[in-house]
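Protein chains: 2
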Amino acid sequence: MKVGILGGGQLAQMLAQAGKDLGLKFKFICPDEHACASRYAEQIRKAYDDQSAHQELIDWADVITYEFENIPTDMVRKLEQSSTLYPPSGALATAADRMSEKTMFNALGIGTADYRAINSLQDLEKAIETIGRPSILKTRSDGYDGKGQVVIRDNTNLSEAWDTLLGVPCILESMVDFDREVSIIASRKPNGDIEFFPLTENHHREGILRLSLCLDKEPLQSKAEDMVRKITEHLSYVGTIALELFQKGDALLANEIAPRVHNSGHWTQDGTNVSQFENHLRAVCDLDLVKPELLAPAAMVNLIGTLPDGEQVQKYPSSVSHVYGKSERPGRKLGHINLTAKKATTEQFEEQLVSLLELVGEDGLAKMSKD
Amino acid sequence: MKVGILGGGQLAQMLAQAGKDLGLKFKFICPDEHACASRYAEQIRKAYDDQSAHQELIDWADVITYEFENIPTDMVRKLEQSSTLYPPSGALATAADRMSEKTMFNALGIGTADYRAINSLQDLEKAIETIGRPSILKTRSDGYDGKGQVVIRDNTNLSEAWDTLLGVPCILESMVDFDREVSIIASRKPNGDIEFFPLTENHHREGILRLSLCLDKEPLQSKAEDMVRKITEHLSYVGTIALELFQKGDALLANEIAPRVHNSGHWTQDGTNVSQFENHLRAVCDLDLVKPELLAPAAMVNLIGTLPDGEQVQKYPSSVSHVYGKSERPGRKLGHINLTAKKATTEQFEEQLVSLLELVGEDGLAKMSKD
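Protein chains in written order, with our numbering: chain A, 1 to 371; chain B, 1 to 371.
These are computed hints drawn from the structure, not numbers from a lab.
Given the structure is predicted, the values throughout are model-derived calculations rather than measurements.
Zero decoy hints are in this set.
Each pair may be met inside one copy or between any two copies, as identical chains are not told apart.
No more than 27 Å apart at the CA atoms, straight line, and that leaves these computed lysine-lysine pairs for DSS-like:
hint, residue 1, residue 2
1, LYS46, LYS78
2, LYS223, LYS126
3, LYS78, LYS126
4, LYS126, LYS291
Hey, can you work out the whole structure from these sequences and the hints?
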């Protein structure tokens, strides 16, 4: 089968890598001269909204998918009308708007932080009376990696906060005093078959994911599965989806969904019998899903801004490096290292993880892991 | 104040008429040579998505509003970033997608018909098992006046129904066995002040509104007000909004919202002390709202396709004709007649209504009113 992809970044790259063994062929649209995916798939080097590029993909592909959600929903909707496209545009539309997303969670009986739509400074002043401080003002659309957000603290001037986000439609969310952030990833087929990956614990710094950790036997696994099952049924979802959650005690509050393969699931490349990428392709190509089984505790450490010395990394026997081939730039995701306990004791795994975190400059996380 | 309007149909026309006494000036964008609103306001005769037209409106207007929801949300969002625009684009986005709309209702604890997102024939086959027949398959976006809908009856072939709607994203809704259709209209200011119009009973034929009836003292008025209050707070709504409901006994199920002045509120021009148009303008211009008070039972009869003989219409002493100046065409809304009981007994009002319905060819409704 032939799979078309909108986007040529690392997610497209890893999809193409995962699809090789399934005998799939890939072609992707990306205007970038140095598209990560170009070493693994044929590139249509045109703008994302280029009509001739769309037509080429429609004519060539059996199914079209996408690797990021910051694409105009209308564009995806048009493609959907002329081709088989998954995940459905409706899921993208919901994920692309924080209000729609949270509203859906609540409609399905899934708890969230308290929130309000903010369309003016007046709305913000009014909402803060109910939501209180600290809270977070976020643009409804187009935010990623902590961009498009302002924390409203006790001394924050509301007018300045509002101006920071340029007056675009926003959402005010109460700040959840969570114990930890977790995510669950699932893949669903057109006929409704669904498979879940084990719950993952996530650590962010400066709004960017730094570390994902899968320790197995999470007591909240089935609760999280129920949530993502409801969401995917509601959206008639097809493909891999990530649901980000806040955990407070036994409670899970939904934060957001990503209608695609997700950074917090990169460890599945080496920590499970089937990766999130492979099951995404199986789902959108209507092939049988593989039931994910955790092989051993696993972790993923993101490589942000600069790459560590290769020789240093090779010292970690249970690690696998995944480098995307991008040039270094502050805050940029350049690759990730998956570490598993497959050939190590839990103690060795933890020691190696601490050491690896220090190597990539995440000393704060390393210290926490030691505690 | 200067008010810019996207659209130049009868709603823009009636807004401009209502704004005259408030001392407002109007300019509207509409590509149509024969725009209804052109007799009451200055026309920018360019395409809706014309950038120079947008800039002209931004430069000229103090506030921009719109008269229809079948406009690209992205376009409205852009305008919103460079101007004061109401109702907010988020409300438009929700109203433009039946899934988002129903999901919002449920999130706010407002009941709806059972529904599912349908992205494929497979989804439809699966959903029909739960939703059952009869049910209605509707396109999620761009439907109006009954277009983009297929009723799934016992003998309906699902594959044909799906093909009828061209494979665009759809929603399957269970068919509600309602007693009657009603709507409530409200207007809300930027500071949250809100005023409600009395509940209206609506009668459709072939998907088009034919008759609206306001009989006052509806026992479900406060229940409907609570619903629309919740919705407008959720959306941080500004302007006039209509909420369409199904009534079954004492229960109200939400069907859809219109983020604009609405056909079922046209009777307010002659039946209340303030019209939905005037309160919309007061809301978006941040002027004090007027609390609507019903002057007497009132009805609105739509003039669809052809206009009745003018002399005949004048025989109804309590009627006011509103004609939009459009050429006749089957299914087209050409005008409406408001009938009130201001100068008549209830009996006379009812007699006149029956006669008026017969005059415009709504014999079925006339017969029902007699019963």
